[in-house]
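In case you want the letters, here they are:
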Amino acid sequence: MKPLSISGSPHVHSDESTKKIMWRVNLALVPMLLVGIAYFGLNALLISLVSVACCCLFQWLIEKFIMKVPTTLWDGSAIVTGLLLAFNVPATASMIWIVAIGALVAIGIGKMSFGGLGKNPFNPALVGRVFLLISFPVQMTTWPTVGKWFPMSLDTTTGATPLGVIKEGLMNGQKLSDIMASNDMPSLLNIFLGHIGGSFGEVCALAIIIGAIYLLCRKVITWHIPVSFILTAAIFSGILWLVNPEKFVDPLTTILTGGLLLGACFMATDMVTSPMSKWGQLLFGFGCGLLTIIIRNWGAYPEGVSFAILLMNAVTPLINRYIKPKRFAK
Amino acid sequence: MKTFAMGGVHPHDNKISTEAVIEQMPLPEKVVVLMNQHLGAPATPVVAKGDKVKVGQLIGEAQAFMCANVHSPVSGTVTKIDTCKDPFGLAKPAIYIDVEGDEWMESIDRTPDIKRECNLEPKEIVAKLKEMGIVGLGGATFPAHIKYSVPDGKKAEYLIINAVECEPYLTSDHRVMLEHAEEICIGISILRKALGVPCAYIGIENNKPEPIRVMREMAAKFQGIEVVPLKLKYPQGAEKQLINAVTGRKVPSGKLPIDVGCVVSNVGTTFAVYEAIQKNKPLIENILTVTGKKLPSQHNYQVRIGITYNDIIKHSIGELPENTGKVISGGPMMGKAVCNLDAPTTKGASSVLVFDESEACRNTETNCIRCGKCMNACPMGLEPYLFSSLVKNGRFEEAGKNNILDCIECGCCFFSCPANKPLTDEIRLGKNKYRGILAAKQKR
Numbered sequence: 001m002k003p004l005s006i007s008g009s010p011h012v013h014s015d016e017s018t019k020k021i022m023w024r025v026n027l028a029l030v031p032m033l034l035v036g037i038a039y040f041g042l043n044a045l046l047i048s049l050v051s052v053a054c055c056c057l058f059q060w061l062i063e064k065f066i067m068k069v070p071t072t073l074w075d076g077s078a079i080v081t082g083l084l085l086a087f088n089v090p091a092t093a094s095m096i097w098i099v100a101i102g103a104l105v106a107i108g109i110g111k112m113s114f115g116g117l118g119k120n121p122f123n124p125a126l127v128g129r130v131f132l133l134i135s136f137p138v139q140m141t142t143w144p145t146v147g148k149w150f151p152m153s154l155d156t157t158t159g160a161t162p163l164g165v166i167k168e169g170l171m172n173g174q175k176l177s178d179i180m181a182s183n184d185m186p187s188l189l190n191i192f193l194g195h196i197g198g199s200f201g202e203v204c205a206l207a208i209i210i211g212a213i214y215l216l217c218r219k220v221i222t223w224h225i226p227v228s229f230i231l232t233a234a235i236f237s238g239i240l241w242l243v244n245p246e247k248f249v250d251p252l253t254t255i256l257t258g259g260l261l262l263g264a265c266f267m268a269t270d271m272v273t274s275p276m277s278k279w280g281q282l283l284f285g286f287g288c289g290l291l292t293i294i295i296r297n298w299g300a301y302p303e304g305v306s307f308a309i310l311l312m313n314a315v316t317p318l319i320n321r322y323i324k325p326k327r328f329a330k
Numbered sequence: 001m002k003t004f005a006m007g008g009v010h011p012h013d014n015k016i017s018t019e020a021v022i023e024q025m026p027l028p029e030k031v032v033v034l035m036n037q038h039l040g041a042p043a044t045p046v047v048a049k050g051d052k053v054k055v056g057q058l059i060g061e062a063q064a065f066m067c068a069n070v071h072s073p074v075s076g077t078v079t080k081i082d083t084c085k086d087p088f089g090l091a092k093p094a095i096y097i098d099v100e101g102d103e104w105m106e107s108i109d110r111t112p113d114i115k116r117e118c119n120l121e122p123k124e125i126v127a128k129l130k131e132m133g134i135v136g137l138g139g140a141t142f143p144a145h146i147k148y149s150v151p152d153g154k155k156a157e158y159l160i161i162n163a164v165e166c167e168p169y170l171t172s173d174h175r176v177m178l179e180h181a182e183e184i185c186i187g188i189s190i191l192r193k194a195l196g197v198p199c200a201y202i203g204i205e206n207n208k209p210e211p212i213r214v215m216r217e218m219a220a221k222f223q224g225i226e227v228v229p230l231k232l233k234y235p236q237g238a239e240k241q242l243i244n245a246v247t248g249r250k251v252p253s254g255k256l257p258i259d260v261g262c263v264v265s266n267v268g269t270t271f272a273v274y275e276a277i278q279k280n281k282p283l284i285e286n287i288l289t290v291t292g293k294k295l296p297s298q299h300n301y302q303v304r305i306g307i308t309y310n311d312i313i314k315h316s317i318g319e320l321p322e323n324t325g326k327v328i329s330g331g332p333m334m335g336k337a338v339c340n341l342d343a344p345t346t347k348g349a350s351s352v353l354v355f356d357e358s359e360a361c362r363n364t365e366t367n368c369i370r371c372g373k374c375m376n377a378c379p380m381g382l383e384p385y386l387f388s389s390l391v392k393n394g395r396f397e398e399a400g401k402n403n404i405l406d407c408i409e410c411g412c413c414f415f416s417c418p419a420n421k422p423l424t425d426e427i428r429l430g431k432n433k434y435r436g437i438l439a440a441k442q443k444r
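Note that the protein sequences, when read in sequence, are chains X and A. The working numbering numbers the first residue of the first sequence as 1 and each following residue consecutively. The working numbering numbers the first residue of the second sequence as 1 and each following residue consecutively.
A couple of the hints might just be wrong.
As the list claims (entries may be wrong) - Here are the simulated SDA-like cross-link-like pairs (lysine to any residue), alpha carbons at most 25 Å apart as the crow flies:
#1 A:K293 <-> X:L4
#2 A:K293 <-> A:D51
#3 A:K15 <-> X:S7
#4 A:K421 <-> A:L405
#5 X:K119 <-> A:K15
#6 A:K221 <-> A:P168
#7 A:K92 <-> A:D152
#8 X:K326 <-> A:S389
#9 X:K247 <-> X:G299
#10 A:K421 <-> X:I323
#11 A:K421 <-> X:K247
#12 X:K20 <-> X:I213
#13 X:K326 <-> A:K15
#14 A:K294 <-> X:K119
#15 A:K231 <-> X:S135
#16 A:K421 <-> X:G299
#17 X:K20 <-> A:A181
#18 A:K421 <-> X:L231
#19 A:K392 <-> X:K247
#20 A:K293 <-> X:I6
#21 X:K219 <-> X:K247
#22 X:K68 <-> X:I101
#23 A:K92 <-> A:I81
#24 A:K92 <-> A:K155
#25 A:K293 <-> A:I81
#26 X:K278 <-> A:P28
#27 X:K219 <-> X:P325
#28 X:K219 <-> A:L232
#29 X:K330 <-> A:E182
No lab work stands behind these hints: they were computed from the structure. Computed from a predicted structure; not experimentally measured.
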């Protein structure tokens, strides 16, 4: 008989793996992908394919030729990054090649330069997105309008996002009530269903909520970050709205527009770049919500979710250091 | 339903040997009795080579404070007093005995009658526990006479009987409760008297409905014994977690259960206490599960201590399957992997668990993705991921400041880690290093 193997306890494992977690996230992103394709057609599909393919390719190349380690492509995390990056850009024809640059930045600088999955301090997809936003400001803020279902041509008419409409109107000195009543502003139902302008993954609140519920049920994420993020944004914007309803957007529109839901449920909850303890996560969500509202109302950009999450990513190590879990008996 | 406050995991319980009635393991030709089968200093041999011994005769005497008597499990001739490698490969002082017949000490009552009356005073009970070499059978093998001598200034309020058996696979406690419920309750009454507590609570997890029913029926016939069903969650059988689950109290860091007025005893120990006090039978036998998903049959045995693992395997399943990967003494979560099957069993042995090669294999380690599953699983509220990196970087004192010594090594962190990081191994290393640092500082 062969010699017995020796190891420390425990001798059994839950069978949980990074791979399983990442593929669950991918599955949770499918509703958003389908809605994006339904609303924006071929462009959305092509952008997603290019983004995912480029993320995988760059990760493989970097691991093979620069890091010289066995590839970790099959853990599915490059696909998560690719999908999230694609979801965060407008579904216009010009983005199809621009997103490839975003993929290089997201995977190359955002993730692999730090040593790969688990070592990156910032959410790679957001690093890629913010790079694109700063480098290609025109293409990144040219939004396609939602017209018919499954548009199969690459040509798109351009429109504006609800947040863009509001920002521009306020800059022009319009009253908020007038802006909300104007034809450019979609109804709340359309905002909920995603029949609005915007990055193609972030428009449909319903699809995001379905994906998030799946992740919660499979225990990939916990409620702490999404709930504290969304609640903080709602309460803070609610206070501002009560103070001056002609200048500040009401809480419901605040939550449902822009990338807030997608950010709160899928970007801020990225386990690698968010705090570990429950109280740390609540603080993280609070910071994200607060910064988002500040940037939206007083910043140069109409949207602030990406910046808010990246800023909070930067303080995550500090949060981990100072906010400890509750010990058993202290 | 009650359970402990934080953390915990749900491994598959795999209790496949619950139906196997406890059988008597036949005597082998030779036994080896280790002198330290308990926590603390080894016992001192009081027999010499060539001496004839009887079953239950004292052969190793407790001379240190933290020590327990050792008795001969067989009758025969002492052939050697030497060292012997224990199941984990460490040499320990031992007495070798050739078995001749099965002649018991006259003082031991071997009749099957149940003796219910106990007229001993608390002090006499504790003295008899010491004489009979009783140790805790839950795994730590803590000498019982020390546990039941409550220090001055402290008062026991709760006696908690640990019948949780939260480790997967193990069924010895399960079987003992089904087959010896009355003896257990008498044992509990004796311990209750020794401590002077009004009520004893038997904690049983709700995946054992049959033992809960049997113990409830039996406890109703006794005064001051209550069965507390607990919600299934590992590691409910860990002392601090069980106290928390049953009483809601929390044993502070670095303190003992008695500091919050609790004494915890394993259910198997209460059976041994009954036999020792009422039947004058020293601790020379324990109940042991032989199990494994790939084994042809599952067994529960009453085994004399000193029988080797090979003898047990030979008698129960013939020989180990061809693709055996690991043999574990104890449960899969906290048990130790056996490297030496020629070693004898000891008082604390609770099982022989056989894993095939695929079950024995660890998955490949990948990068930590900081998912926090280890932290959420930790029943002590610690940060295993942090210890892992601190220990790797040699920052043991920082690990100490983050309460690494509070770790109970239950294995929940490693069990739940999606990156398959050997967190429990790293924490064990860190604890030992940090203890070394503390000891060195004290010396200086």
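Check your understanding: Are K15 (chain A) and S7 (chain X) close enough, with their CA atoms no more than 25 Å apart?
Key -> 23 Å, holds
Exercise for review: Verify the proposed pairing of K421 (chain A) with I323 (chain X), using a straight-line Cα cut of 25 Å.
Suggested key: Status holds; Cα separation ~23 Å.
**Study point:** K421 (chain A) paired with L405 (chain A) [C-alpha distance capped at 25 Å]
**Key:** Given pair K421 (chain A), L405 (chain A) holds - Cα atoms ~20 Å apart, limit 25 Å.
Exercise for review: Take a quick look at whether K68 (chain X) and I101 (chain X) sit within 25 Å of each other, Cα to Cα.
Suggested key: With a Cα-Cα distance of about 23 Å, the restraint between K68 (chain X) and I101 (chain X) holds, given a limit of 25 Å.
Review point. Does K247 (chain X) lie within 25 Å of K219 (chain X) when you go C-alpha to C-alpha?
Key: 40 Å, violated
Review point. Holds or violated: are the alpha carbons of K392 (chain A) and K247 (chain X) at most 25 Å from each other?
Key: 54 Å, violated
Exercise for review: Please work out if K219 (chain X) and L232 (chain A) have their alpha carbons no farther apart than 25 Å.
Suggested key: Holds - the C-alpha atoms of L232 (chain A) and K219 (chain X) are around 19 Å apart, at most 25 Å.
Review point. Would the pair K20 (chain X) and A181 (chain A) pass a check requiring their Cα atoms to be no farther apart than 25 Å?
Key: 45 Å, violated
Check your understanding: Within a Cα-Cα threshold of 25 Å, do K421 (chain A) and L231 (chain X) meet the stated pairing?
Key -> Since the Cα atoms of K421 (chain A) and L231 (chain X) sit roughly 35 Å apart, the hinted pair is violated (cutoff 25 Å).
Review point. Does K247 (chain X) pair with G299 (chain X) here, judged by a C-alpha cut-off of 25 Å?
Key: 14 Å, holds
Review point. Between K293 (chain A) and L4 (chain X), is the straight-line Cα distance small enough, at 25 Å or below?
Key: 17 Å, holds
Exercise for review: Given the hint that K293 (chain A) pairs with D51 (chain A), test it: the Cα-Cα distance must not exceed 25 Å.
Suggested key: Violated, because 43 Å separates the two Cα atoms, which is more than 25 Å.
Of the numbered hints stated above, those contradicted by the structure are hints 2, 5, 6, 7, 11, 13, 14, 15, 16, 17, 18, 19, 21, 24, 25, 26, 29, listed in ascending order.
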